[in-house]
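Q: Add chain S to chain B, keeping to what the hints say.
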Amino acid sequence: MKRLIPLAAFVVLVVFLGVGLLLDPSKVPSPLIDKPAPAFALPQLHNASETISNSDMRGQVWLFNVWASWCVSCRQEHPLLVELARRNIVPIIGLNYKDERNDAIRWLQDLGNPYTKSGHDIEGRVGMDYGVYGVPETYVIDQQGTIRFKQIGPISPDALQNEILPLIEKLQGI
Amino acid sequence: MNVRDMQLRMDSLVPHTHFRPVPGLLFLGLCLLLTGNVSLAKEAAPMIADPVIEARMAAMGGELRCLVCQGQSIAGSDSGFANDVKKEMRTMMENGRSDSEVVDFLVQRYGDFILFRPPVKGATLLLWAGPFILLGIALLVLFISLKRRGLRASEVSLSNEEIRRAESLLGDDKDGKG
Numbered sequence: 001m002k003r004l005i006p007l008a009a010f011v012v013l014v015v016f017l018g019v020g021l022l023l024d025p026s027k028v029p030s031p032l033i034d035k036p037a038p039a040f041a042l043p044q045l046h047n048a049s050e051t052i053s054n055s056d057m058r059g060q061v062w063l064f065n066v067w068a069s070w071c072v073s074c075r076q077e078h079p080l081l082v083e084l085a086r087r088n089i090v091p092i093i094g095l096n097y098k099d100e101r102n103d104a105i106r107w108l109q110d111l112g113n114p115y116t117k118s119g120h121d122i123e124g125r126v127g128m129d130y131g132v133y134g135v136p137e138t139y140v141i142d143q144q145g146t147i148r149f150k151q152i153g154p155i156s157p158d159a160l161q162n163e164i165l166p167l168i169e170k171l172q173g174i
Numbered sequence: 001m002n003v004r005d006m007q008l009r010m011d012s013l014v015p016h017t018h019f020r021p022v023p024g025l026l027f028l029g030l031c032l033l034l035t036g037n038v039s040l041a042k043e044a045a046p047m048i049a050d051p052v053i054e055a056r057m058a059a060m061g062g063e064l065r066c067l068v069c070q071g072q073s074i075a076g077s078d079s080g081f082a083n084d085v086k087k088e089m090r091t092m093m094e095n096g097r098s099d100s101e102v103v104d105f106l107v108q109r110y111g112d113f114i115l116f117r118p119p120v121k122g123a124t125l126l127l128w129a130g131p132f133i134l135l136g137i138a139l140l141v142l143f144i145s146l147k148r149r150g151l152r153a154s155e156v157s158l159s160n161e162e163i164r165r166a167e168s169l170l171g172d173d174k175d176g177k178g
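Taken in order, these protein sequences are the chains called B and S. Position 60, counted from 1, in the first sequence is what this note's numbering calls 60; the numbers after and before it change by one each time, with no gaps. Position 18, counted from 1, in the second sequence is what this note's numbering calls 18; the numbers after and before it change by one each time, with no gaps.
Chain B on its own, in the form it takes in the complex (with noise of 0.2 Å):
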């Protein structure tokens, strides 16, 4: 028994070690989770004199995905989304975050455009009410406009395949 203790004490430390090990800190969690969308108006990128806003979509399941032409993880993301919206599942609505207004048009003629719209956030300011703090970010909102899922940075096929996609199955299915 005495000789147990120090090891019990030593496997302890271990699976705390190994869980920290396994944490991503670049990774925080959104406090958003489960709270309203917050709301924003913004010209859109591609016909500045129409706006895009969140309570254009309420009533249907939407990602909300912050990209730019800058960013080098959008471009590794941007297959995939380009793939989810030729399978018409959800509609996905880009929010181009501090981008300049030609390179974001060109930068999408370029790789495809898997967006219904985009919003045009030059100065960032919708991105921060989003906590947006590393570009990609992508946000699953449902029919009532509140956020259910926050991915931080590009979406992975596999988070695709068994978070996202079951968790928009299941929110449409309400």
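Think of the hints as simulated: they come from the structure by calculation, not from any bench. Heads up, a few of these hints could be off.
Said to hold, decoys possible - For lysine-lysine, the following DSBU-like pairs were computed, each having C-alpha atoms within a straight-line distance of at most 30 Å:
#, chain 1, residue 1, chain 2, residue 2
1, B, Lys150, S, Lys121
2, B, Lys150, B, Lys27
3, S, Lys147, B, Lys2
4, S, Lys87, B, Lys98
5, B, Lys27, S, Lys147
6, B, Lys2, B, Lys98
7, B, Lys150, S, Lys86
What you are looking at is a predicted structure, and each value in this text was computed from that prediction instead of being measured.
A: Same frame as chain B, but now just chain S:
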């Protein structure tokens, strides 16, 4: 150009000599108007730092974590994220918002993680109380083991023969020479 030159020049523009005092007054008014404008322009300049706001920024910025460069504070980082947050904080302070309103604004968006000192609440209770709990356990273990050792020492009893031997061995030290 001095006042006299200006007066002479304006005089020449005014044909009626009985208006003589007027150009002087006009000039004075013009001067006041111009200096007034200059001071207004200075007030409107956005880049002049308000020392009170800068002091608040310095005090608060060190308590906030930069989320993209997590070892650094918002004050100590020059990343795009930190600069955006600093800009927003200054704007809020210029609009008369208090320190706690500014912190609440940031926590609402980025969570408690942006604070270097997490608040005491359910999820962080173990974090705050943990060291004290560990200290308590250590003291308890120390107390119990000391008590056990004390008991064991008193259990050892000496026979009369042993006591006599011990006394004779210690006897040399009785006068303190040894």
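Q: With reference to the structure, classify each hint as holding or not holding.
A: So, going through the hints one by one against the coordinates:
The straight-line distance between the Cα atoms of B:Lys150 and S:Lys121 is roughly 24 Å, inside the 30 Å bound, and the hint therefore holds. As the CA atoms of B:Lys150 and B:Lys27 are separated by approximately 10 Å, the hinted pair is consistent with the 30 Å bound. Between S:Lys147 and B:Lys2 the CA atoms are separated by roughly 17 Å; this keeps the pair inside 30 Å, and the hint holds. As the CA atoms of S:Lys87 and B:Lys98 are separated by approximately 15 Å, the hinted pair is consistent with the 30 Å bound.
A distance of roughly 49 Å separates the Cα atoms of B:Lys27 and S:Lys147; the hinted pair therefore is violated under the 30 Å criterion. With a C-alpha separation of about 62 Å, the suggested pair B:Lys2 and B:Lys98 falls outside the 30 Å cut-off, and the hint is violated. Taking the CA atoms of B:Lys150 and S:Lys86, the gap is about 24 Å. The hint holds against a cut of 30 Å.
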